[in-house]
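**Q** Given next are the chains, with one letter for each unit.
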Amino acid sequence: MEQIQIENLHFAYPLCADEALCGVDLTVHAGEYVALCGESGCGKTTLLRHLKNALTPAGKRVGTVRFCGTPITELDARTEAEKIGFVQQDPENAVVTDKVYHELAFGLESLGLGQSEMRLRVAEMASYFGIESWFESSTDTLSGGQLQLLNLASVMAMHPDVLLLDEPTSQLDPVAASDFLATIDRIHRELGLTVILTEHRLEDVLPCADRVVVLHRGRVAADCAPREIGAALSGELAFLRGSMPSAMRIYAGVGSSLPCPLTVCEGKRWLSDTICVSEPVRRELPDDKSDGVPAVRMREVFFTYEKQSPDVLRGLTMDVPQGKVFALLGGNGAGKSTALKAAAGLLKPYRGKVELLGRDVKKIPQKELYRQFAAVLPQQVRTLFTEKTVRLELETIDRDQADAIAERLHLTAFLDKHPYDVSGGEQQRVALGKVLLTKPKLLFLDEPTKGMDSAFKESFGKLLRELCASGATVFMVSHDVEFCARVADRCAMLFDGVLAADAPTVPFFSNNTFYTTAANRIARHVFPDAITDEDVIALCRENRI
Amino acid sequence: MRSAFTKSHPVLNFLFFGSVVAFGMVFFHPVFLGVSFVAALAYSVRLRGRGTLRLMRYLLPTLLVVVFLGAAFNHYGVTTLFVLPNGNRVTLEAIVHSFATGGMVLTVFLWFTCYDAVVTSDKFLHVFGRVFPTGALLISMTLRFIPLLTRRMHKIFEGQKGIGYSGSKLRNALHALSILVTWSLENAVDVSDSMKSRGYGLRGRTSYTRFLWTRRDILLCAAILALDALTVAGVIVGQTRAMYNPFISLPAITPFSYVLYVGYALLCFMPLALDLTEEHKWNRSR
Chain A
1 MEQIQIENLH
11 FAYPLCADEA
21 LCGVDLTVHA
31 GEYVALCGES
41 GCGKTTLLRH
51 LKNALTPAGK
61 RVGTVRFCGT
71 PITELDARTE
81 AEKIGFVQQD
91 PENAVVTDKV
101 YHELAFGLES
111 LGLGQSEMRL
121 RVAEMASYFG
131 IESWFESSTD
141 TLSGGQLQLL
151 NLASVMAMHP
161 DVLLLDEPTS
171 QLDPVAASDF
181 LATIDRIHRE
191 LGLTVILTEH
201 RLEDVLPCAD
211 RVVVLHRGRV
221 AADCAPREIG
231 AALSGELAFL
241 RGSMPSAMRI
251 YAGVGSSLPC
261 PLTVCEGKRW
271 LSDTICVSEP
281 VRRELPDDKS
291 DGVPAVRMRE
301 VFFTYEKQSP
311 DVLRGLTMDV
321 PQGKVFALLG
331 GNGAGKSTAL
341 KAAAGLLKPY
351 RGKVELLGRD
361 VKKIPQKELY
371 RQFAAVLPQQ
381 VRTLFTEKTV
391 RLELETIDRD
401 QADAIAERLH
411 LTAFLDKHPY
421 DVSGGEQQRV
431 ALGKVLLTKP
441 KLLFLDEPTK
451 GMDSAFKESF
461 GKLLRELCAS
471 GATVFMVSHD
481 VEFCARVADR
491 CAMLFDGVLA
501 ADAPTVPFFS
511 NNTFYTTAAN
521 RIARHVFPDA
531 ITDEDVIALC
541 RENRI
Chain B
1001 MRSAFTKSHP
1011 VLNFLFFGSV
1021 VAFGMVFFHP
1031 VFLGVSFVAA
1041 LAYSVRLRGR
1051 GTLRLMRYLL
1061 PTLLVVVFLG
1071 AAFNHYGVTT
1081 LFVLPNGNRV
1091 TLEAIVHSFA
1101 TGGMVLTVFL
1111 WFTCYDAVVT
1121 SDKFLHVFGR
1131 VFPTGALLIS
1141 MTLRFIPLLT
1151 RRMHKIFEGQ
1161 KGIGYSGSKL
1171 RNALHALSIL
1181 VTWSLENAVD
1191 VSDSMKSRGY
1201 GLRGRTSYTR
1211 FLWTRRDILL
1221 CAAILALDAL
1231 TVAGVIVGQT
1241 RAMYNPFISL
1251 PAITPFSYVL
1261 YVGYALLCFM
1271 PLALDLTEEH
1281 KWNRSR
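Sequences listed follow chains A and B, in order. Heads up, the first sequence is in the numbering used here, so the first residue is 1 and it goes up one at a time. Heads up, the second sequence is in the numbering used here, so the first residue is 1001 and it goes up one at a time.
Bear in mind the hints are in silico, worked out from the structure with no lab data behind them. Since the structure is predicted, the reported quantities are computational estimates derived from the model, not experimental observations. Treat the hints loosely; a few may be bogus.
What the hints assert, rightly or not - Lysine to aspartate or glutamate pairs mimicking DMTMM-like chemistry, simulated, CA-CA at most 25 Å apart:
#1 B/Lys1123 / A/Asp18
#2 A/Lys60 / B/Glu1279
#3 A/Lys417 / A/Glu132
#4 B/Lys1007 / A/Asp18
#5 A/Lys417 / B/Asp1190
#6 A/Lys417 / A/Asp403
#7 B/Lys1155 / A/Asp398
#8 A/Lys348 / A/Glu132
#9 B/Lys1155 / A/Asp311
#10 B/Lys1123 / A/Glu132
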């Protein structure tokens, strides 16, 4: 049955000359799982919002969207609220009440259901999604992953026929993101719900999706099964390559007549069929000796947030070499951000020593510490914006250098806009510009790639490399294994308040079995030292059958 | 803490605290004051343990100060204990009156410490939501956003500090506040989308509750109302009056007085009795 029919949909935002959607035709059948993908600004969120009347943006619109045959604009509000569920990007804003059970019941209260019906549905949702153990908690105490799950459960309690999800995992760490997507897959399989999901990290989505719809500049560029995308990646869909799973990227980079692999497991099999090596190919690793004073030197650092609670850092000892990109990885709650803040002097350890470029951080005056010495780019870059325009943001730090930095970070096009009116990636660049204007010798980055799309990630990585080349040191904390493998010189893993591993990037990842890149997991049986897709592709080309 | 009263229906909790606080604020009669004080102290200690004892370390000296000041500055009454060097009299009536006033404030204060431990925000919302559903949602949202905004403010200060603006100066504090406002207004769009997409604004909104009326709740509510009625009857016949000026005068003790005293004690000690009975039963059932 055709559940959603979009016919020749055109849409333009007010005061915008270009159309955000130009002639989209799309039919979705009941029970399908559709992944909607494309670069930032391709119109995927705009399209998704046209499927729910309450959220459709204002603007000029031509064409029709039908839900079960009825034009969506004529659907009554109650049916729409009930039948079309919508999960948005940032769970922190989507959860509106103070208690978990109240949030679960929020939609049901709107529908005006009776006590017993509500009680049943809330109970069902709590047990289906495994919420029982934190059912009575305050929403304030939940992690990002729990909040997003609660948000989903609250929508599911209304018994929708269609579930729309707008980049639901962009604010989550990779583990929580995989869990969340596994739950979506389970809902789809067990309840036969129609799922339409936009996402720019497709590693976990493609293996589950029935169909992939690629949007490009407001048009449908491809609409096919996930596997078929693989063949097109080296051709007309090359712009999409960055957001595809590693297996597909390697497949597209090497080229093959075999069917396209989607998962690590399939990728591994495909690789064995494609190349011919008698024994694992190792490569000569460059010597990674760095002399001189480390940029950050931490010795037996202890830290805890509250007197009674257990230590977050338990004698952390770590050296960050000068002029390198250093990445600190680790699971949730391992204390990565705490380690970064302690290193940057934002938190004061109760024991141990932190030195920046050979000077005790406690003895550097605040004014000097964060001017021309160290600077921190926080996770929420918005916390840095105080001015009315991007230009003023830069000029408050350094009037003379503002233009130069704007040029370098490609900010010139929107210098006179309000910093909140530019896109997420652009905000990140503005914030980085602001931070760089303090001319730090040491740049601290807290989860810099959260919410970034792959294209911007790549240019951001380049920028960090350039900074290092000019003599600065970058210390970042990240969950993003792929990004660290590509950009960092040295990686360390924090676990239980101390370092569990600390090595140059290649040996770091090739020694790990689980905590490594997908490319490495695909190829480690033949190319143990290949950690990025490019490494694997290059080695594949050399060793082809 | 295992507490039967805490787990009862919120309406029962409200009815109880409404009664004892209202009576506590108007009764000056030493018997009624004493009963209420002992009950409040005992229940507060049971609910909050050391917290209340620590609190009493500050409250008792305060009471003594109140009595001292009352006696030093009020000179009415007929029983002169001694005369101050400046010629003012210190009277028994003034001391007893200040003692009663201080005791009354202390008692009501103790009842509020119990209220705080028993009536959680969701109980309050349940009772309030019946009368005023939108207001209840508003409070629930406020309770969600206060910690959220506090956390954001903290992040802003940290972010600003990391690029060299420490939070100490007024200019920096104002900047931080302006960031918080802009950021939150921006997010308000998402919040309203989330509410709209879950049907907020449809007619006939209901309010979900986790609390169920049990037969015991109904019986206990009836008991509270009956005891309230008895006490009010006592007020009407003048059994609760107490005069401290110019001389101490209490109503004559009749058989009905004893009924009133016992009734009032039953009311004030009800939660404690409930808790102890339940605990006893639970221990026995093991």
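**Q** Does the structure break any of the earlier hints, and which numbers would those be?
**A** 1, 2, 3, 4, 8
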